[in-house]
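J.: As a plain string of letters, each chain reads:
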Amino acid sequence: MDIFLQQLINGLTVGSLYALVALGYTMVYGVMKLINFAHGDLVALSAFAGLTIYVEIFGEGTNSLFIVLSVFVITALIIALVGVLLERLAYRPLRTAPRLSAVVSALGASLVIQNSIMLIWGPNMKIFPSNLFPSTIWTVHGVVFTFTQVMIMGVSALLMVGLYIFINKTKMGTAIRATAIDQDAAKLMGINVNRVIMIIFIIGSSLGAVAGLFIGINYRGITFDMGWMYGLNAFVAAIMGGIGNIPGAMLGGILLGLFNAMISGYISSEWAETFTFVLLVVILIFRPTGILGETIAEKV
Amino acid sequence: MKRTLLRFATSVVACSALVASLNAADVIKIGVQAPITGKYANEGQSIDNGVKLIVAQYNAKGGVLGKKLEVVSCDDEGAAQKAAICARKLVNAGVLAVIGSYTSGATEAAQPTYYRNGVLQTSDGTSDSLTKHKYWTFFRNSFPNSAEAKFTAKYFINVKHYKRIAILSDYSSYATGLADATQKAIKALNGNIIYRGKIKSGTQNFTAVLTKIKSMNPDVIYFSGYYNDGGLLRAQQAQLGIKADFVGGDSNDNPDFMKLAGDSAKGTYLINVPTPDILPYDLAKKFLKDYKAKYGIMPASIWTLLNIDGLRAVLYGVEQTKSTDTKKISNFLHTLKGFPGITGPVNFRSDGERIGGGYMAYKIKADNSYKIVYK
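Taken in sequence, the protein lines are chains A and B.
Residues 0 to 299, numbered by the working numbering, are exactly what the first sequence covers, in order.
Residues 1070 to 1444, numbered by the working numbering, are exactly what the second sequence covers, in order.
Extracted from the complex, chain A is given alone in its bound form (with noise of 0.2 Å):
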């Protein structure tokens, strides 16, 4: 039995952190009708960034709860700002374009970003410091938390209710519902639907941050081309839950950390990414857009 409950906190931990990078995914395919590969590698971004900002700024060594909030808000921010700006340089002019063209780019801007990070911090294996977070470890009836996996379940947990919220009970999420629905009609009912998709990326970007940075604390190694195989796994997730649905994604990313780890836990590790692929292709056969995806009436 602890060995069952061991696995569940492993899998809802790394579930925690697709979810946090598939609702980057969804929520820009919800409103945009755009896969934006370019996420992963903000993920990947973020961490590098948390990093140099911890390091420059208040010095390795030091820690407080001041000095860890501002390394989170602080890189947030900056993510939410290369989002931004991914959105009005690579995507925004391509708004009108053909669908395909939109996703060369975006498969471009991946590149772009990817490299950057090679250049700006160079090939090798970035590696975090031990003592961002209190190394305190709980067990309990022989089942092991550590506070780094505590602290990502409960933010992410904190985030996703968070955005959840802001999506259904505020005027501003509203607007976002109401121009994914349809961004014509949106306009012509005086939603400003640039300013929309703005918020999506501040958002998206933002909580893809978080992610990179708990990926940086939690396993510590990070290297330029990490955000691809985040990208990849939070992409599936996204797609199973139902892509462009908010609560899919969060139902997404947890059931896929839960399959990668029982899967490894009690068939075999080398076929568990086989057998979440399967399931995968087993869900959409039986439900086309994902588990809380909507049925979509044929536009004629």
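It is possible that part of the hints are untrue.
[Stated by the list, open to error] As a list, the in silico DSSO-like pairs of lysine-lysine whose alpha-carbon atoms are at most 27 Å apart: (1) B:LYS1312 x B:LYS1256; (2) B:LYS1363 x B:LYS1121; (3) B:LYS1201 x A:LYS125; (4) A:LYS125 x B:LYS1121; (5) B:LYS1219 x B:LYS1434; (6) B:LYS1269 x B:LYS1253; (7) B:LYS1361 x A:LYS125; (8) B:LYS1219 x B:LYS1158; (9) B:LYS1396 x B:LYS1201; (10) A:LYS125 x B:LYS1432; (11) B:LYS1440 x B:LYS1328; (12) A:LYS125 x B:LYS1269; (13) B:LYS1223 x B:LYS1358; (14) B:LYS1098 x B:LYS1203; (15) B:LYS1440 x B:LYS1335; (16) B:LYS1328 x B:LYS1363; (17) B:LYS1136 x B:LYS1434; (18) B:LYS1434 x A:LYS125; (19) B:LYS1335 x B:LYS1121; (20) B:LYS1136 x A:LYS125; (21) B:LYS1130 x B:LYS1358; (22) B:LYS1229 x A:LYS125; (23) B:LYS1229 x B:LYS1397; (24) B:LYS1223 x B:LYS1098.
Simulated from the structure, these hints should not be mistaken for laboratory data.
Predicted, not measured: the structure shown is a model, and the values here were computed from it.
Using the hints provided, position chain B relative to the given structure of chain A.
T.: Below, chain B alone, put in the same frame as chain A:
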């Protein structure tokens, strides 16, 4: 007009051919195929830097056979697909020999291209399959997995008396090869292997597979993959409170292993050929001093020095045969005995295998230095 054009064209062709042949006569090109970016970047850069250092030293003494040496580098990112492209690129550049690559997978993907074009290749790849093809162009400058596997098995069973052994590898041809060979060697000594699994390199989260291993109560977890995963495995093992010893294969011997493992690096065991700083040879001490003087840091690990020995053996072959005919050099190298290398005497067998070499087991101390525990 047509004729003048034609004459012009032929003269241009003749000129460029002349330039090409002049170039070919003036310099000897040495290729470097290494993972200069990507996961294994610090090993790749170190190999590239090491080759450039040795080449500069040869050039300062007037080159080889009166010709200057020139280095052509290609970054294969440690990936098989990129390696095949690199091989083509280096062959087209007209190199005499290629140093690299660091990983067995990338080396194996490039091997046939060098063989078909008669370009010599020397690599530190330890996968047994590298010398199975018996390509006359290939020379291994390190020692094969099977030798390390036998040493590891002897250490586990006869010295540490491990009763419950868990073996992990990644999917690379090197790591699976080493894990398979070790498994076989342990079974030959009647050892008890309770788990054998694989992780996907670079996925960072290994808690699921480690939790599974935890449920089996091992005495030791042996990992045959690379340092970027090994350090994380060790850190997550400690985090999950798994009491077993952690033993890393040769590719965990890298400073980044200690950085990733953090506090839990202490007490980890590594198995490898002697590390650069304990090599007893004057040539090794001189190389390390020159490297430090030029680049300000030490080479990433022993792999750089092994590749340098490959390069030095090839250049020695060029000097001794007084030719740049790769077939002749290869025939010479196949009978090379006791050439003084920086990692010990260099002897090649007829299939390109380097003979000799002893392994050691190290325990990492609190200050991240190594203590030899078995040899």
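J.: Within a Cα-Cα threshold of 27 Å, do LYS1440 (chain B) and LYS1335 (chain B) meet the stated pairing?
T.: 11 Å, holds
J.: Does LYS1256 (chain B) lie within 27 Å of LYS1312 (chain B) when you go C-alpha to C-alpha?
T.: Distance ~24 Å between LYS1312 (chain B) and LYS1256 (chain B) Cα, so the pair holds.
J.: Holds or violated: LYS1098 (chain B) with LYS1203 (chain B), Cα cutoff 27 Å?
T.: This hinted pair holds, its Cα atoms lying about 24 Å apart.
J.: Within a Cα-Cα threshold of 27 Å, do LYS1361 (chain B) and LYS125 (chain A) meet the stated pairing?
T.: 22 Å, holds
J.: Check whether the Cα positions of LYS1440 (chain B) and LYS1328 (chain B) lie no farther apart than 27 Å.
T.: 18 Å, holds
J.: Tell me if the straight-line CA distance from LYS1396 (chain B) to LYS1201 (chain B) falls inside 27 Å.
T.: 19 Å, holds
J.: For a C-alpha distance cap of 27 Å, please report whether LYS1219 (chain B) and LYS1434 (chain B) respect it.
T.: 25 Å, holds
J.: Tell me if the straight-line CA distance from LYS125 (chain A) to LYS1121 (chain B) falls inside 27 Å.
T.: 25 Å, holds
J.: Take the C-alpha atoms of LYS1223 (chain B) and LYS1358 (chain B), compute the straight-line distance between them, and say whether it is at most 27 Å.
T.: 35 Å, violated
J.: Given the hinted pair LYS1223 (chain B) and LYS1098 (chain B), is their alpha-carbon gap at most 27 Å?
T.: Since the Cα atoms of LYS1223 (chain B) and LYS1098 (chain B) sit roughly 43 Å apart, the hinted pair is violated (cutoff 27 Å).
J.: So if I understand the rule, the pair passes when the alpha-carbon distance is 27 Å or less; does LYS1363 (chain B) with LYS1121 (chain B) pass?
T.: Status holds; Cα separation ~10 Å.
J.: When you check the alpha-carbon spacing of LYS1434 (chain B) and LYS125 (chain A), does it fall within 27 Å?
T.: 23 Å, holds
Hint violations for this structure: numbers 3, 8, 13, 17, 19, 20, 22, 23 and 24, all remaining hints satisfied.
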